[in-house]
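Start from the sequences, fold in the hints, and give me the full structure.
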Amino acid sequence: MNLSAIDGEFILKTAAPDKRHDQSAPTVPFWRDPDKRALVFQFVALVIVFAIGYYLFANTQANLARQSIATGFDFLGKEASFEIAESLIDYSAADSYARALVVGALNTIKVAFFGIILTIIFGTLIGIAKLSKNWLIAKISALFIEVMQNIPVLLQLFFWYAIFYEAFPKPRQALNPISGVFLCNRGLIFAIPEAHPAYPAMGLAFLVVLVFGYFFNRWGYRRQARTGKALPALRITVALAIVIPLLVWIAYGAPTGMNVPELKGFNFRGGLTVSPEFSALLLGLVLYTSAFVAEIVRAGIQAIGKGQIEAAMSIGLRPGRILQLVVLPQALRVIIPPLTSQMLNLTKNSTLAVAIGYADFVAVTNTTINQTGQAIEGVAIIMVVYLFFSLSTSLFMNWYNNRTALVER
Amino acid sequence: MPDEKGVWKGLDVDTARAVAAAIFGDADKVKFTPLTAQQRFTALQSGEIDLLTRNATRTLSRETQLGLNFVTVNYYDGQGFLISKDLGVKSATELDGATVCVLPGTTTEQNAADYFRNHKMAWNPVVIESTSELAKTFFAGRCDVLTSDASQLAGSRAVAPNPKGLHHPAGNHLQGASGPCRPAMVTNQFRDIVDFSVLAMIEAEELGITSANVDEMLKSTNPAIQRFLGVSAGNGAALGLDEKWAYNIIKQVGNYGEVFERNVGVNTKLGIERGLNALWTNGGLMYSPPFK
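Top to bottom, those sequences are chains A and B.
Sequential numbering of the first sequence, starting at 0, is according to numbering that gives the first Met the number 0.
Sequential numbering of the second sequence, starting at 0, is according to numbering that gives the first Met the number 0.
For the record, the hints were derived by calculation from the structure and aren't laboratory data.
Among the hints, erroneous ones may be present.
[What the hints assert, rightly or not] Pairs of lysine-lysine residues, derived as DSSO-like cross-links and limited to a Cα-Cα distance of at most 30 Å, are as follows: (1) Lys268(B) - Lys169(A); (2) Lys84(B) - Lys169(A); (3) Lys77(A) - Lys109(A); (4) Lys119(B) - Lys77(A); (5) Lys89(B) - Lys169(A); (6) Lys263(A) - Lys163(B); (7) Lys119(B) - Lys263(A); (8) Lys263(A) - Lys268(B); (9) Lys84(B) - Lys263(A); (10) Lys169(A) - Lys163(B).
The following block contains the structure:
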């Protein structure tokens, strides 16, 4: 309850003992009753917000109608008639705008997914390195953090992109470090296994092992708590994750056909291509964001009292176990919330893709806006989609944060 | 683009200056806002700019759905391909599998998609918003081909590190891609003023009026010239402008031929022939309705 309500109750009570009025219940006019007053204020505020919203909406509608600008989302079903350079699903210029937008969204998810994983790994390493007792390692990571944090990420993207297209040779002079791998200004092109039913089956087997491993590990912990006998559940799971898919592969007759890239006409055909645009964007975002993540990790580790580590050492724990059992569980509580906002930053910064020609969601939507002229609808779609990306990232991170949060006993 | 003194120059710039001369009597009373191909229509729709003079192709969907008016064409263009001679490509039909640099949100982007689809050829677009960044990636060899309006390609070629190593393959003008540039805007009166400011430059060339001889021409006995320059009144009032509006355009900016030769003609870096943009009397497409 807020302060005014408490004040109100106080006034009410002091007024009540006044015996000169012979009324059974004290009647207070509603403007002097803070509860009722608050309700009225909230109602008025609500009406104002709706009125402003309606005014903006109606005004926009009227303006668009006056300028005879098309409105509505009908355009989503029309043929996009523009090509998109890279796509995780089948797409051609004959497909609809809606499908083009899905392609863009998937491209954004692709760069954010790999970006977040690499950033966490790389940022953690740098953060730990900054605390290293080795002077050189500590200074190099400090320098890295300072440089990366203080150069705008857009400039970094231009820099990496220019390196990709200026420094690498043209396709006909492509570098060929190992057989089947080519590096040129069209990207990194490498051989992949020929499509075969064995591979999806192997993936399925791998997933099954992962699920099994999860429960196996939990069982192992409970068994250790009950009997005191440790079980190397993690090692067994890793071994199974390698052996079982391999057995599946052999069961399918061990297919070895490879889809090898070949220089045909202008470009390489076949194999898998990682484009310079994607690589430059990923590299730029990962390096930039991991500088921030490194500082967060460092702060998290330093937040653990020195006494705790000394105490752990005094009972004979090895350094690895100290990190695993004492430092990390407590450091994560400090690290996770700011880490979440860095992950969101990375996702949002990926919209700079448009500057270096990576077909992310904003790039595709911008083109759609330009072709159809429906800027308001396009911007609304961008807002909803990024809100969805951000909320799902933060939901996941909050869930994880709650899991690692301090459990009061 | 602005020259080394920061003064905006170009065919499209002179078009905007002509409109300023007609309305305000001073060609310099115009504020230029550089926009990318993607921003331009939204900026015009939202009223951030009053007039867009750029190589914007008039299309049915733009005219009907963007809520904009396209007016008279001030430059007839076509889409072309620019490609390095080293690759040995003689015709645009040999471009199967090529990587193509193209600006996003342009008709060129859609035309290229149509072209490769029509010829059942594979291609890979590299789509970058900034014209200069796009040209840089093309010069560095990130793409095999740069496609755009022919006039734009002439501009890109002029700044290439090795212009002689580039060429246009045969059959490079895409069908249905001829891209008239043009102003687009909102109110009817403003629409007429912009329309006739462009037409006035064409009409002046046809009447033989130049920025050099326009003062002498005021004394001309030719009734068409008298009407045009406002010596006999009528046109200005009809447009809601000063009777001197056409005189101001020609005096301060010049006729269409002068503007063309000054900015993009054979004696400039771009070196573009009049071609389609010659007067209709010389076999081109430039024609003005009578100024009556």
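_So, against the hints stated earlier in the document, which numbers end up violated here?_
8
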